[in-house]
Amino acid sequence: MPPKIRKEDALYYHSKGRPGKIQVVPTKETNNQLDLSLAYSPGVAEPCMEIHRNVEDVYKYTAKGNLVAVISNGTAVLGLGNIGPEAGKPVMEGKGLLFKIYADIDVFDIELNTENVDEFVRTVKIMEPTFGGVNLEDIKAPECFEIERRLKAELNIPVMHDDQHGTAIISAAALLNGLEIVGKKVEDIRIVVSGAGASASSCTKLYMALGVRRENVDMFDSKGHINTARTDLDDLKKEFASERRFASLAEAMVGADLFLGLSKANVVSQDMVRSMAKDPMVFAMANPDPEIPYPDAVEAREDVIMATGRSDYPNQVNNVLGFPYIFRGALDVRASEINEEMKLAAVRALAELTKKPVPDIVNLAYNTTNLTFGREYIIPKPVDPRLLTTVAPAVAKAAMDSGVAKSPIADWDAYIQQLEKRLGQDNQISRVIISKARKAPKRVVFADAENVQVLKAAQQVRDEGIAFPILLGKEERIRAIIEANKLDMADVPVIDPYSSEQAENIDRYAEAYFKKRQRKGVNLIEARKMMYYRSSFGAMMVEMGEADALISGLTRNYPDTIRPSLQIIGKEPGVTKVAGMYILLTRRGPLFLADTTVNFNPTVDDVVEITELTARAVERFNIKPRIALLTYSNFGSAKGEDAEKMSAAVAKLHAKHPDMIVDGEMQAHLPFDTELLRANHPFSKLVDDGANTLIFPNLSASNIAYNLLKEVGEYEAIGPLLLGMGKPVYVLQLGSSVREIVNMVAIAVVEAQMKQ
Numbered sequence: 012m013p014p015k016i017r018k019e020d021a022l023y024y025h026s027k028g029r030p031g032k033i034q035v036v037p038t039k040e041t042n043n044q045l046d047l048s049l050a051y052s053p054g055v056a057e058p059c060m061e062i063h064r065n066v067e068d069v070y071k072y073t074a075k076g077n078l079v080a081v082i083s084n085g086t087a088v089l090g091l092g093n094i095g096p097e098a099g100k101p102v103m104e105g106k107g108l109l110f111k112i113y114a115d116i117d118v119f120d121i122e123l124n125t126e127n128v129d130e131f132v133r134t135v136k137i138m139e140p141t142f143g144g145v146n147l148e149d150i151k152a153p154e155c156f157e158i159e160r161r162l163k164a165e166l167n168i169p170v171m172h173d174d175q176h177g178t179a180i181i182s183a184a185a186l187l188n189g190l191e192i193v194g195k196k197v198e199d200i201r202i203v204v205s206g207a208g209a210s211a212s213s214c215t216k217l218y219m220a221l222g223v224r225r226e227n228v229d230m231f232d233s234k235g236h237i238n239t240a241r242t243d244l245d246d247l248k249k250e251f252a253s254e255r256r257f258a259s260l261a262e263a264m265v266g267a268d269l270f271l272g273l274s275k276a277n278v279v280s281q282d283m284v285r286s287m288a289k290d291p292m293v294f295a296m297a298n299p300d301p302e303i304p305y306p307d308a309v310e311a312r313e314d315v316i317m318a319t320g321r322s323d324y325p326n327q328v329n330n331v332l333g334f335p336y337i338f339r340g341a342l343d344v345r346a347s348e349i350n351e352e353m354k355l356a357a358v359r360a361l362a363e364l365t366k367k368p369v370p371d372i373v374n375l376a377y378n379t380t381n382l383t384f385g386r387e388y389i390i391p392k393p394v395d396p397r398l399l400t401t402v403a404p405a406v407a408k409a410a411m412d413s414g415v416a417k418s419p420i421a422d423w424d425a426y427i428q429q430l431e432k433r434l435g436q437d438n439q440i441s442r443v444i445i446s447k448a449r450k451a452p453k454r455v456v457f458a459d460a461e462n463v464q465v466l467k468a469a470q471q472v473r474d475e476g477i478a479f480p481i482l483l484g485k486e487e488r489i490r491a492i493i494e495a496n497k498l499d500m501a502d503v504p505v506i507d508p509y510s511s512e513q514a515e516n517i518d519r520y521a522e523a524y525f526k527k528r529q530r531k532g533v534n535l536i537e538a539r540k541m542m543y544y545r546s547s548f549g550a551m552m553v554e555m556g557e558a559d560a561l562i563s564g565l566t567r568n569y570p571d572t573i574r575p576s577l578q579i580i581g582k583e584p585g586v587t588k589v590a591g592m593y594i595l596l597t598r599r600g601p602l603f604l605a606d607t608t609v610n611f612n613p614t615v616d617d618v619v620e621i622t623e624l625t626a627r628a629v630e631r632f633n634i635k636p637r638i639a640l641l642t643y644s645n646f647g648s649a650k651g652e653d654a655e656k657m658s659a660a661v662a663k664l665h666a667k668h669p670d671m672i673v674d675g676e677m678q679a680h681l682p683f684d685t686e687l688l689r690a691n692h693p694f695s696k697l698v699d700d701g702a703n704t705l706i707f708p709n710l711s712a713s714n715i716a717y718n719l720l721k722e723v724g725e726y727e728a729i730g731p732l733l734l735g736m737g738k739p740v741y742v743l744q745l746g747s748s749v750r751e752i753v754n755m756v757a758i759a760v761v762e763a764q765m766k767q
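Numbering follows the working numbering, in which position 108 of the sequence shown is assigned residue number 119; successive positions increment by one, without gaps.
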């Protein structure tokens, strides 16, 4: 199910810290007076005069070429209707966010206080010098059609109304693939459309461009079948008026090959699906609830191909598969418009991408090992990293072929490399982990549930379907915090080890713990006393199979929290040293750091094992580890205990794992400056792609490095992850945020999935 959104959470998310979701960030140095003099007066006069001499140089000296305006008047905001420009602004900021994280396109959102078409068009037109493209959003019909038509005619930059064309492009790709699977020809199918608004009209027109015949289309609006006998049709609806007459949607669907729904929930019954032709396609895309629920449609017909706008079922028609990449391709060739050829190129690129082998990171996100082209996979998944390098080039090439590209691409290989570098995997890995966790949520014990941050995180993972939380602590205290913070957790179990209801479990856990530790100085009385500590009680729940993972440590120091888990759960077979690892989410991609929490001054053999544990952990995220062992020396350039230790560890790792990409010892900057590395140490295994995994000589170095990078670099962190434990146990840092706790829980769930 989609995550449950609580009003309080949504309002807090949008208001916390700096209000809103976007900000302007400088792209040039501003550190001294020279920088400022270049950025503004007097240095700025030089690019001004160059642009005055040649206006096209605005793309060379300013941000215009990567800047899109997301423009709305708030007259058709999501399903909220005409709520006004100010109320629509959070949606426009959200659209800008998607442009940035999926295609590295900068956005200014602009909300216009007018419902007059002439005013709207004139306002956008006089802003043309500022922007490289215009994305129209949430404008009611029929004004949206006239606004887009006029702006496309009057502007020399690409304009697209995504509400119209986004769904059309994505669903058209699904249509092509669905037809291929069932062996039907596009010109032969009959389609029934429920809805006659902007999206439905645009979808139908695009399907016609692909070959659907107009006489094979039957469209319904709120008043019924659109046919030539009706006298209440506007010009738009007259385009789809049929010579046939249908008294109802049910009557029209008899024998239909495709149902396209962009109307409202539950207007289609199972009997209506049963009445359709062999191998029917049902694209029920009303949000949040489709015209017929996915389970009902597939129950009615085993041969149905079903798509919805929902993320919790196969074949989600999601506009984010289209608009970021369409604008990316259009901007990169400085297209003067987004024409039909470019939209059709996006359709075909999406359709073809679906047929290619799916990357491991996509399989990981959807909890499968072999997601393949078929009835339940007819369009790509939003997490697929190939979308940027597939759709954008197809759109750019179509712009060139159709004569609207002002700056054609000559070197396509270089362009693909440029696209790959635009986006790191900073956010992607979090999205993938959470998506995978949601496919098979596990029972997670929260040992510090008398803390508001922990309870908010527990609420979130429950609502998002990431985990089934179990709360440890005084029930009265926990319920009071829940009530004070307006959380909704009445159905979440609360366990108090001190309560009489847990006496039997205390005895049972104590006996099991005593058997584990009886030859290590622990007697039964001490074992029973230990079980009253929540970290021990929670660890025993995991050990006994009554929970799948333990999250602890937010309110206690690290050694006191980890010790019970080591004694109760223990290490993986063959592991002699557990280790701690942090993940920093950077624009370079995720950066893995170890050992950051456990081993104070590891030996050579300890460093080898820490590296092996870390490499296996990185591989669990379907990322190839490229490992640098760090110190103050570069390949023997300096002597000393740490340098010699790390050098010896590298030698052992090379001998044990010849295929492992690991090298050192080296200083911390070297694995990121591959040109310097190649020039001075061309033999290194890291000269091609640098490092994504860093191993430190001691706990002091790793902890300092982690905290500096996190605070000064402002990177989001996940961790510390405890490596080498027999079952998932994660110990939170003091003061962890709700977001950090949620990320930890998601990783714990994924590890539990793998171990089981």
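In case anyone wonders, no lab produced these hints; they're calculated from the structure. Treat the hints with caution; some may be incorrect.
[Said to hold, decoys possible] Calculated lysine-lysine pairs in the DSSO-like style (CA-CA distance at most 27 Å, straight line):
| no. | residue 1 | residue 2 |
| --- | --- | --- |
| 1 | K531 | K582 |
| 2 | K18 | K100 |
| 3 | K367 | K417 |
| 4 | K111 | K196 |
| 5 | K526 | K32 |
| 6 | K366 | K32 |
| 7 | K526 | K450 |
| 8 | K588 | K527 |
| 9 | K667 | K588 |
| 10 | K248 | K234 |
| 11 | K582 | K667 |
| 12 | K71 | K588 |
| 13 | K216 | K196 |
| 14 | K248 | K216 |
| 15 | K248 | K163 |
| 16 | K249 | K163 |
| 17 | K450 | K366 |
| 18 | K75 | K27 |
| 19 | K588 | K485 |
For each hint, the structure was consulted:
no. : hint        : in the structure
1   : K531 x K582 : holds (17 Å)
2   : K18 x K100  : holds (17 Å)
3   : K367 x K417 : violated (32 Å)
4   : K111 x K196 : violated (38 Å)
5   : K526 x K32  : violated (54 Å)
6   : K366 x K32  : violated (35 Å)
7   : K526 x K450 : violated (36 Å)
8   : K588 x K527 : holds (19 Å)
9   : K667 x K588 : holds (18 Å)
10  : K248 x K234 : holds (12 Å)
11  : K582 x K667 : holds (22 Å)
12  : K71 x K588  : violated (55 Å)
13  : K216 x K196 : holds (17 Å)
14  : K248 x K216 : holds (12 Å)
15  : K248 x K163 : holds (22 Å)
16  : K249 x K163 : holds (23 Å)
17  : K450 x K366 : holds (23 Å)
18  : K75 x K27   : violated (30 Å)
19  : K588 x K485 : violated (34 Å)
Comparing the model with each numbered hint stated earlier shows that hints 3, 4, 5, 6, 7, 12, 18 and 19 do not hold.
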